[in-house]
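Chains A and B, in that order, are what the protein sequence lines are. Sequential numbering from 1 applies to the first sequence in the working numbering. Sequential numbering from 1001 applies to the second sequence in the working numbering.
In case anyone wonders, no lab produced these hints; they're calculated from the structure. Computed from a prediction, not measured in an experiment: that's the story for all the values here. Backbone N, C-alpha and C fix where the C-beta goes; we use that ideal spot for every residue, glycine too. Honestly, I wouldn't trust all of these hints.
Straight-line alpha carbon distances no greater than 30 Å define the calculated DSSO-like cross-link-like pairs of lysine-lysine that follow [unchecked claim]: (1) A:K62 x B:K1162; (2) A:K140 x B:K1391; (3) B:K1259 x B:K1162; (4) A:K98 x B:K1375; (5) B:K1375 x A:K62; (6) A:K62 x B:K1395; (7) A:K62 x B:K1028; (8) A:K44 x B:K1391; (9) A:K44 x B:K1395; (10) A:K62 x A:K91; (11) B:K1162 x A:K23; (12) A:K23 x B:K1391.
For the chain B half of the interface with chain A, some residues (derived, Cβ under 10 Å), not all of them [unchecked claim]: (13) E1273; (14) F1371; (15) G1382; (16) K1395; (17) Y1425.
The calculated label-pair distances, taken between Cβ atoms and stated as ranges, are [as the list claims (entries may be wrong)]: (18) B:L1063 x A:D106: 53 to 59 Å; (19) A:D14 x B:I1160: 42 to 48 Å; (20) B:I1160 x A:S87: 41 to 47 Å; (21) B:K1282 x A:K62: 57 to 63 Å; (22) B:I1033 x A:K91: 39 to 45 Å; (23) B:P1164 x A:K50: 45 to 51 Å; (24) B:F1270 x A:A28: 54 to 60 Å; (25) B:G1340 x A:D51: 43 to 49 Å; (26) A:A28 x B:I1160: 34 to 40 Å; (27) A:D106 x B:R1424: 28 to 34 Å; (28) A:T104 x B:I1033: 35 to 41 Å; (29) A:P37 x B:L1173: 30 to 36 Å; (30) B:G1100 x A:E10: 53 to 59 Å; (31) A:T104 x B:D1023: 48 to 54 Å.
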Amino acid sequence: MMPLDEMYREIILDHYRSPRGRKPLPEANVTAEGHNPSCGDDIKLEIELKDNILQDVHVDCKGCAISVASGSMLAETVKGKTFAEVSELSKTIRKMLKGELEETPDNLGDLGALAGVRQFPVRIKCALLAWVTLIEGLDKYSAGHPDGKIVVTSEHDHEHE
Amino acid sequence: MTDMASQTHNDPVTAPPRAVGLDIERVKADFPILTQQINGHRLVYLDSAATSQKPREVINAILEYYRKMNSNIHRGLHTLAERATEAYEATRVHTARFVGGVQPEEIIFTRGTTESINLVAYTWGEQNISKGDEILVSEMEHHANFVPWFELARRKGAIIRKLPITLCGHLDLSEIDTLINEKTKLVAVSHMSNVFGTINPIRDIAAKAHEKGALILADGAQASPHLPIDLRALGVDFYAFSSHKMLGPTGVGVLYGRKELLEAMPPFNFGGEMINQVGFDKVTFADLPNKFEGGTPNIADVIAFEAALSYLEGLGMENVHAHETAITKYALERLSEIQGLEIQGPQDTAERGSAISFTDPDIHPHDISTFLDYKGIAIRAGHHCAQPLMKFLGKVATARASFYIYNDTADVDALVDALREMRRYFGV
Chain A
1 MMPLDEMYRE IILDHYRSPR GRKPLPEANV TAEGHNPSCG DDIKLEIELK
51 DNILQDVHVD CKGCAISVAS GSMLAETVKG KTFAEVSELS KTIRKMLKGE
101 LEETPDNLGD LGALAGVRQF PVRIKCALLA WVTLIEGLDK YSAGHPDGKI
151 VVTSEHDHEH E
Chain B
1001 MTDMASQTHN DPVTAPPRAV GLDIERVKAD FPILTQQING HRLVYLDSAA
1051 TSQKPREVIN AILEYYRKMN SNIHRGLHTL AERATEAYEA TRVHTARFVG
1101 GVQPEEIIFT RGTTESINLV AYTWGEQNIS KGDEILVSEM EHHANFVPWF
1151 ELARRKGAII RKLPITLCGH LDLSEIDTLI NEKTKLVAVS HMSNVFGTIN
1201 PIRDIAAKAH EKGALILADG AQASPHLPID LRALGVDFYA FSSHKMLGPT
1251 GVGVLYGRKE LLEAMPPFNF GGEMINQVGF DKVTFADLPN KFEGGTPNIA
1301 DVIAFEAALS YLEGLGMENV HAHETAITKY ALERLSEIQG LEIQGPQDTA
1351 ERGSAISFTD PDIHPHDIST FLDYKGIAIR AGHHCAQPLM KFLGKVATAR
1401 ASFYIYNDTA DVDALVDALR EMRRYFGV
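Could you build all of it, start to finish, from the sequences and the hints given here?
If you want it as structure tokens, here you go:
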């Protein structure tokens, strides 16, 4: 497979064409907004967090195929997981995108398709936008700022590396 | 795919234009970088509005400088220093001639357009802008001609007024007589938009500004590589542009300022080179242009910039402009064959330069750029440092292809073919 096809796998394009998690979430109690100033990608997450478990997530992402697909996969994956589990998952995805994992873990499901992005370093931020926004939103919620607007910048991104 | 699929790239809507006065094959051969392959394809460089490629003459001039005359300028009393000083000052004289014959001391070398504009904001602006004054800034400005004024206004309690744009990508001048008023101290406007490609009526706006006693600064970063420039005829007070967009090296910018304005302005960078006498009781500053060139300047690249000016003059700026008008016309026609593609800016090539911004209804500009790169085609995608303009368009980003002297109709065809293939690839 040529690297372009590695990045734009059919799974990715499918999520891009019909993103999951677009259903409005009236019960949501956490809102997080992320922005990638270098691309202009915008994401808004609404999370229904109850008993420390993410009951459901609404994702509204305006951006490139990679950021939209990543957000769509997030919506599919994090439902029913605890904050700690989601945090762990986000770390694994980051490692995978940075090429720090020998192999793509089996338990990632569709998310494993994001592995191809690692060959395009400038696009890694796109794949991470949804995840960084989610984790920061949950962090802020835990710290007592349930509606804190979160701006994810490229500089911000480096802090996590 | 659309019904356009039946139309191959071999039968475009019009016959490819003949280059006017330019032998593009010969021009191409002067640019060593263009001979390479990118991802297995011939490099098609369509990002000259970001930075141009450099002809062999410019690359050699940098090597020659370091091989034969490297030394610090102005106060050296040895042969090398004399050579370097002479070449550096010769570039100033040449630049003054290139922009229509201004006085050499009205040409200040900076690091780039951004620094040129900041120089004016921090010297003239600090001295002349007060609380309640107005600065009129167009809605299509690059951040380089927006943020310095925004920050100056914030420091001074001055007001930024917006010179709006129309949906066709022109400045909306219908309210210009009230937008420029007695409170207006400066009008900041680009000569050519880096997003729309629009060529703005600088001469008319300058006249309006001067009627009300305001000054005008034109951002010439996009215009200077492509148009014959006559600053006296334009009637501008300040004009800023960059070497690297007009075949020269990076790290060299030009600020033109009318002599009496520059003379009245305080220095920008304080230090060596820019002084007359220094003592513990008193410091006096050098005359123009040294007053604004504190510290050792970018000697090598300024000198190599002269090779770029000579190269452009060798082609003739009228010919450069004619070639680009032809290629832009061809590109606009061919791109309009692609169904759904939304092209920004004026359609009439008499009103625009060669930067063409476009969006696909289904594919994000970053995906467009990544896909095209895979075909060896370099374009730009993003907000183009013009977020107020993107907001006006209601878009977060556009894709932009920009053409220069080394681009031909085959490059346009490669772009159009790749954009069609892209829509098939993404299945939209």
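Okay, the hints, checked on the actual structure:
With a CA separation close to 28 Å, the supplied pair K62 of chain A and K1162 of chain B stays within the 30 Å bound. Proximity of K140 of chain A to K1391 of chain B is assessed by CA-CA distance (about 29 Å); at most 30 Å being required, the pair is judged to hold. Annotation: proposed proximity of K1259 of chain B to K1162 of chain B holds, straight-line Cα distance about 28 Å (limit 30 Å). Taking the CA atoms of K98 of chain A and K1375 of chain B, the gap is near 25 Å; set against the 30 Å cutoff, the hint holds.
Between K1375 of chain B and K62 of chain A the alpha-carbon distance is near 26 Å, which keeps this suggested pair within the 30 Å criterion. Between K62 of chain A and K1395 of chain B, the direct Cα distance comes to roughly 10 Å. Compliance with the 30 Å bound is thereby established for this hinted pair. A hinted pair counts as satisfied when its Cα atoms are at most 30 Å apart, and K62 of chain A with K1028 of chain B does not qualify at roughly 39 Å. The hinted pair formed by K44 of chain A and K1391 of chain B meets the criterion: a straight-line CA distance of about 18 Å does not exceed 30 Å.
Between the alpha carbons of K44 of chain A and K1395 of chain B the distance comes to roughly 17 Å, so the proposed pair stays at or under 30 Å and holds. For the suggested pair K62 of chain A and K91 of chain A, the alpha carbons sit about 23 Å apart, so the restraint of at most 30 Å is met. For a cut-off of 30 Å, the pair hint linking K1162 of chain B to K23 of chain A is broken: about 39 Å separates their Cα positions. For a cut-off of 30 Å, the pair hint linking K23 of chain A to K1391 of chain B stands: about 27 Å separates their Cα positions.
Look at E1273 of chain B: its Cβ only gets to about 34 Å from chain A, farther than 10 Å, so that hint breaks. Residue-level restraint check for F1371 of chain B holds (minimum Cβ-Cβ distance to chain A is 7 Å; threshold 10 Å). Evaluation of the G1382 of chain B hint against chain A yields a held restraint, the C-beta minimum of about 7 Å falling below 10 Å. At about 8 Å, the closest approach between the beta carbon of K1395 of chain B and any beta carbon in chain A falls short of 10 Å, and the interface hint on this residue holds.
With a least beta-carbon distance of about 7 Å to chain A, the hint placing Y1425 of chain B at the interface is held under the 10 Å criterion. At about 55 Å, the CB distance of L1063 of chain B to D106 of chain A agrees with the hint of 53 to 59 Å. A hinted range of 42 to 48 Å for the beta carbons of D14 of chain A and I1160 of chain B is consistent with their spacing of about 46 Å. Taken as a hint, the range 41 to 47 Å holds for the pair I1160 of chain B and S87 of chain A, whose Cβ atoms sit roughly 43 Å apart.
For the hinted restraint 57 to 63 Å between K1282 of chain B and K62 of chain A, the CB-CB distance of approximately 60 Å keeps it satisfied. Look at I1033 of chain B against K91 of chain A: about 41 Å separates their beta carbons, and that is inside 39 to 45 Å. Taking the beta carbon of each, P1164 of chain B and K50 of chain A are about 48 Å apart, inside 45 to 51 Å as hinted. Between F1270 of chain B and A28 of chain A the beta carbon distance is about 56 Å. The supplied range of 54 to 60 Å therefore holds.
Taking the beta carbon of each, G1340 of chain B and D51 of chain A are about 47 Å apart, inside 43 to 49 Å as hinted. In this structure, A28 of chain A and I1160 of chain B meet the distance hint of 34 to 40 Å, their C-beta atoms being roughly 38 Å apart. For the hinted restraint 28 to 34 Å between D106 of chain A and R1424 of chain B, the CB-CB distance of approximately 32 Å keeps it satisfied. At about 37 Å, the beta-carbon gap between T104 of chain A and I1033 of chain B stays in the expected band of 35 to 41 Å.
For P37 of chain A and L1173 of chain B, the Cβ-Cβ distance of about 32 Å falls inside the hinted range of 30 to 36 Å, so the restraint holds. Take G1100 of chain B and E10 of chain A: their Cβ atoms lie about 57 Å apart, and the range 53 to 59 Å holds. For T104 of chain A and D1023 of chain B, the Cβ-Cβ distance of about 53 Å falls inside the hinted range of 48 to 54 Å, so the restraint holds.
Hints 7, 11 and 13, counting from the list given before, are not met by this structure.
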